[in-house]
Amino acid sequence: MLKRLLEVERELVAVFRSSETKLRANERARPLLEQASRDPAFLSEVLEKYLATAGSLDKQNYPVVAMDIAVNPYFGLVVNCWIPLPSRETHISTKAIHHHGDMLLSTATIFGPGYEHWMFSTPSPLDEGKAVYAMKLLEAERHRLHHVAFVDAWIAHTPLYPESLSITLALWSSKQPVTWRDRLKRVPLFKGREEQLRSVGVRLGLRKQLALKVVENYDYYPTERGFNVMRERKEFERGPNEDHVRSVFHVVQATGNEHLARVVRRAIGEGKVTRGRPIAERLLIDLERGRAIEGKLSVGHYDVPYANFTRDDIRRALAITEPRIGCTDGGILERQFAS
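Numbering (our numbering), first residue to last: 1 to 339.
Bear in mind the hints are in silico, worked out from the structure with no lab data behind them.
Keep in mind that this is a model prediction, so the values were computed, not measured.
There's no promise every hint is true.
[Stated by the list, open to error] With a straight-line Cα cutoff of 30 Å, these simulated DSSO-like cross-link-like pairs (lysine-lysine) come out:
(1) K59 <-> K130
(2) K175 <-> K136
(3) K175 <-> K130
(4) K49 <-> K59
(5) K296 <-> K272
(6) K130 <-> K234
(7) K296 <-> K234
(8) K95 <-> K59
(9) K3 <-> K175
(10) K296 <-> K59
(11) K3 <-> K234
(12) K95 <-> K136
(13) K49 <-> K296
(14) K95 <-> K3
(15) K130 <-> K95
(16) K234 <-> K59
(17) K130 <-> K296
(18) K234 <-> K95
(19) K130 <-> K49
Make a model of the complete structure from these sequences and hints.
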């Protein structure tokens, strides 16, 4: 029984139901997220649920291993496992500077040293063609263990790579009140088909009626002129399944959850692991014998110019654009990043 996961979801649903706004709900959820971050049993249950879910070990690789916990009309709750660079460098971004539209994000670090998190003002265009944007730096600090950060709607941000495995608990919710659309999305008929249905809705001209979110002008990267916008989001190419399985096993081992090897064996026996079965069976032996298993970022996950740029690249673009939107030094919070 995943008792702790159900308990956390129930507590958060109660908070959202009794809050006058989603913003207020995120504020009230903060201590619940911090409490979960301090509970080893919570993370163990997250891993157990993921390993027991059919297809979890059959996925192709993505830079972050995402483990869903709960999805309901009020919010989504997911654990993100951040795999470090092979070089262990910590001055490179994990993805483009981006915002989430009208979505609100509260995130707590539940394992590892955490990472540098840079947060910016809503991007504003600098040219008539709206290709180059300016931003102000609002905050740059370490998202350390048990720290809870909040990213408001339309606020741009980016994490930098951690020096070692770091895991965060992310609470996602729209800024808007819950409507019939949110409840419809949770109907089993639509589960796993959101992107397909969204595309159909856009083609039929129902974007406004169905409040469909189309990701446009959400992503930015620093250049010598300022921050260039990507009109449409460019996602990372998926890497080999073997890299994904290695990262999952690394997370299990690094967090001291080797006992969950039994869950993997059961999943294999029940036919819940297909593509990933050969590598999973090999790594089970390493896991049970205590041999180190490293996480694996795939080629193309850490050398993409519009997604993987340096801390200094960001600073140079800020130096170019901040004076043009009236930023003063007093408005910038950049803290030292102690290990």
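Now the hints, each set against the structure:
1. K59 <-> K130: At roughly 37 Å apart (the allowed maximum being 30 Å), K130 and K59 break the hint.
2. K175 <-> K136: holds (22 Å)
3. K175 <-> K130: Between K175 and K130 the Cα gap is close to 26 Å, so the pair holds against 30 Å.
4. K49 <-> K59: Roughly 16 Å between the alpha carbons, so the hint for K49 and K59 holds.
5. K296 <-> K272: Distance ~22 Å between K296 and K272 Cα, so the pair holds.
6. K130 <-> K234: Given that 30 Å is the threshold and the Cα spacing comes to 18 Å, the pair holds.
7. K296 <-> K234: With Cα atoms ~21 Å apart, K296 and K234 stay inside 30 Å; holds.
8. K95 <-> K59: holds (20 Å)
9. K3 <-> K175: holds (29 Å)
10. K296 <-> K59: Satisfied, since the Cα-Cα distance of roughly 14 Å is no more than 30 Å.
11. K3 <-> K234: violated (38 Å)
12. K95 <-> K136: Holds - the C-alpha atoms of K136 and K95 are around 19 Å apart, at most 30 Å.
13. K49 <-> K296: Distance of about 22 Å is within 30 Å: holds.
14. K95 <-> K3: Between K95 and K3 the Cα gap is close to 34 Å, so the pair fails against 30 Å, i.e. violated.
15. K130 <-> K95: holds (21 Å)
16. K234 <-> K59: holds (19 Å)
17. K130 <-> K296: violated (37 Å)
18. K234 <-> K95: holds (10 Å)
19. K130 <-> K49: Given pair K130, K49 is violated - Cα atoms ~44 Å apart, limit 30 Å.
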